[in-house]
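Each residue of the sequence shown is one higher than the one before, counting from 1 in UniProt numbering.
Hint data in this document are derived by calculation from the structure and do not stem from the laboratory.
Misleading hints may appear alongside valid ones.
Straight-line alpha carbon distances no greater than 25 Å define the calculated DSS-like cross-link-like pairs of lysine-lysine that follow [said to hold, decoys possible]:
1) K76 <-> K24
2) K24 <-> K38
3) K25 <-> K9
4) K77 <-> K24
5) K168 <-> K133
6) K113 <-> K80
7) K122 <-> K76
8) K9 <-> K40
Everything numeric in this text was worked out from a predicted model, so none of it was measured.
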Amino acid sequence: MQRIGERIKRKREQIGLQLNELAKKVGISSSALSQIEKAKAFPTIITLKHIAENLHTTVGDLIGENDSEDIPVIRKKEVKLAGTNEFGADIFSLSYQGLNKLMDTFMIRFPEKSNSAGMFDKQSGQIFCYVIKGELEFELDHQTFNLEEGDSVYFNARRNFRFLNSSKYTAELLCVTSFKNI
Numbered sequence: 001m002q003r004i005g006e007r008i009k010r011k012r013e014q015i016g017l018q019l020n021e022l023a024k025k026v027g028i029s030s031s032a033l034s035q036i037e038k039a040k041a042f043p044t045i046i047t048l049k050h051i052a053e054n055l056h057t058t059v060g061d062l063i064g065e066n067d068s069e070d071i072p073v074i075r076k077k078e079v080k081l082a083g084t085n086e087f088g089a090d091i092f093s094l095s096y097q098g099l100n101k102l103m104d105t106f107m108i109r110f111p112e113k114s115n116s117a118g119m120f121d122k123q124s125g126q127i128f129c130y131v132i133k134g135e136l137e138f139e140l141d142h143q144t145f146n147l148e149e150g151d152s153v154y155f156n157a158r159r160n161f162r163f164l165n166s167s168k169y170t171a172e173l174l175c176v177t178s179f180k181n182i
């Protein structure tokens with residue numbers, strides 16, 4: 001996560017944007033952006049995408065991924081940790097971040113007692129998730145669903161949701177997001 005913050009700051013300074021200018025364009029406070037740059041806060045996927053767009057770069061560049069639209073294959077050794085939220089869940093980018101992409105793919109690893117809080121913003125678009133390993137609770141609005149390995153969910157990203165690992169075993173979730181710009 002520290003490297004992401006360093007890359008954001010370097011890109012911001014390269015194009016001559018002040019911290020408060022970028023924060024305003026992205027729609028977050030200057031304090032929040034400062035914490036992201038100093039690796040004291042984890043940006044949501046959508047916030048990271050907005051930062052990348054306003055820095056005229058890709059999420060892939062910000063997380064250190066080798067951006068190449070000519071090679072669609074991501075090898076296991078090329079998968080990069082995009083960050084860890086305050087509840088201990090790790091998010092990995094599973095695709096190159098081209099500028100004209102319509103979807104993003106991520107794998108979230110949930111250690112014991114962790115959850116996805118702070119990883120997603122409400123945004124227009126859709127989300128598909130598939131439980132690769134373990135068991136998770138899925139909260140959607142005011143309903144809770146117990147998900148097991150092989151289960152999937154598909155829902156509108158504007159709804160209130162989160163994933164929780166209440167078990168003592170690690171769980172893994174594949175997420176495909178299709179966010180439309182507002």
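(request) May I ask which of the numbered hints given earlier this structure violates, with the numbers listed in increasing order? (result) 1, 4, 7
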